[in-house]
Amino acid sequence: MTTARMMQPGAEAAQAYGSSLGGGQTANLGDILERVLDKGLVIAGDIQVNLLDIELLTIKLRLVIASLDTAREVGIDWWERDPWLSAKAFDRAADGRDLERENQQLRERVKELESGRSNREIPRTGRKSRGT
Amino acid sequence: MEPNGIWVYAITERVDLTPVAQIRGVGGRQVRTVAAAGLTAVVEDVGLAEFGEEALRRNLEDLNWLEATARAHHEVIDAVAQQGPLVPMRLATVYSGDAPIATMLTERGADFRSALRRIRGRVEWGVKAYADRQPEASGDSAVTAGASRPGSGAGAAYLQRRRNQLTAQKNARRETLASADIIHAELSRYAAETRVHTPQAPQLTGIKAPMILNAAYLLDSARGEDFAAAVAALADQHPGLRLELTGPWPPYSFAGTGGEGGLT
Chain A
27 MTTARMMQPG
37 AEAAQAYGSS
47 LGGGQTANLG
57 DILERVLDKG
67 LVIAGDIQVN
77 LLDIELLTIK
87 LRLVIASLDT
97 AREVGIDWWE
107 RDPWLSAKAF
117 DRAADGRDLE
127 RENQQLRERV
137 KELESGRSNR
147 EIPRTGRKSR
157 GT
Chain B
3 MEPNGIWVYA
13 ITERVDLTPV
23 AQIRGVGGRQ
33 VRTVAAAGLT
43 AVVEDVGLAE
53 FGEEALRRNL
63 EDLNWLEATA
73 RAHHEVIDAV
83 AQQGPLVPMR
93 LATVYSGDAP
103 IATMLTERGA
113 DFRSALRRIR
123 GRVEWGVKAY
133 ADRQPEASGD
143 SAVTAGASRP
153 GSGAGAAYLQ
163 RRRNQLTAQK
173 NARRETLASA
183 DIIHAELSRY
193 AAETRVHTPQ
203 APQLTGIKAP
213 MILNAAYLLD
223 SARGEDFAAA
233 VAALADQHPG
243 LRLELTGPWP
253 PYSFAGTGGE
263 GGLT
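One line per chain: the protein sequences are A and B, in this order.
According to the working numbering, the first sequence is numbered sequentially starting from 27.
According to the working numbering, the second sequence is numbered sequentially starting from 3.
Think of the hints as simulated: they come from the structure by calculation, not from any bench.
Don't be surprised by glycine CBs; every beta carbon is placed ideally from N, CA and C.
You may find that some hints are simply not true.
Stated by the list, open to error - Each pair of labels, with its calculated beta carbon distance range: (1) B:169 with A:136: 29 to 35 angstroms; (2) B:112 with A:137: 15 to 21 angstroms; (3) A:136 with B:84: 39 to 45 angstroms; (4) B:198 with A:139: 19 to 25 angstroms; (5) B:20 with A:55: 36 to 42 angstroms; (6) A:137 with B:122: 43 to 49 angstroms; (7) B:102 with A:55: 38 to 44 angstroms; (8) B:32 with A:55: 21 to 27 angstroms.
All chains, full assembly: derive it from the sequences and hints.
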């Protein structure tokens, strides 16, 4: 019931990174994005860029991740349990900012994402034909 | 173009810019440093037409721009990390001048120093596990007897088959997730610290099989080979999973200074 396709992890590592010591070009984009968008140190205050924009982008990437049928299939809910996305993290991100605007933007993004995968199992309210 | 923003890559103790000189940063310029309080910020002057708040809001939505910028950001951090411990900054940390950066280094100096101590001599490795199985096929072999049961029509046989399929899938899922836990526990023994990240989407990885483990391990530099061997051994023990090892990375996942909370 399972396929036994395997990689040589050592070889993979050498390939994925060995040549990137001076370049970084061969490192997987997903890995890089995950790290530079989501993992580096965040300094609040006194910077030019509104942190919220970055937060929203990473949330968007996470929504793509979380919306996967395949991930749900194996019962992954790390996304929901991720402290980064917990209420506290949200509070911190929105601290002193316009929460209303954030919510609005988030809703728009969710809508965008959902419309992009409309053939999946998103429960859609049956569209009533209106009158005649 | 008149740069009036300063992009920060990383905080380190000291850095020799010579090996980094041929690298162009996110804005195409050479990186330079801002030093204060015994710490050094690796920075680049960037124009606000591209890296100001308004521009960034647009540009971050452009995947090509994002990719080029993310790679450039990473490339500088990666090169500087070859020289010693550093705290990588999140993408798009842009200051308005050297003075506020110096202030930041001074005010948070103790935090940075403790983070650098934690990271010194260590690198980050990433391990991902994919569930390389075919759900459609699972359960089939266990069922085909359905039609032989007396009195059961095609419908009942179908239901039985379907039920067996679902059970088999559920068991496979449970097994797969348990394997991921075992792998993570085993690999954690090598690490000073670990972080479990959200699994990545196939759109990002280009791999169809669902990712069920995406973890980062902070290892002493010398343990890389042992760790790779452990990953290889675990791959042998869990033939239903495909393991992928990446690294060594600069310690992005462990940039928080002091415990889980970080500096924010």
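Outcome of the hint check:
1. B:169 with A:136: 29 to 35 angstroms: holds (34 angstroms)
2. B:112 with A:137: 15 to 21 angstroms: 45 angstroms Cβ-Cβ, so the 15 to 21 angstroms window is violated.
3. A:136 with B:84: 39 to 45 angstroms: holds (41 angstroms)
4. B:198 with A:139: 19 to 25 angstroms: This hint holds: roughly 24 angstroms between Cβ atoms.
5. B:20 with A:55: 36 to 42 angstroms: Violated: the Cβ-Cβ distance is about 29 angstroms, outside 36 to 42 angstroms.
6. A:137 with B:122: 43 to 49 angstroms: holds (46 angstroms)
7. B:102 with A:55: 38 to 44 angstroms: violated (32 angstroms)
8. B:32 with A:55: 21 to 27 angstroms: Taking Cβ atoms as reference, residue 32 (chain B) and residue 55 (chain A) lie about 24 angstroms apart, which means the hint holds.
Hint violations for this structure: numbers 2, 5, 7, all remaining hints satisfied.
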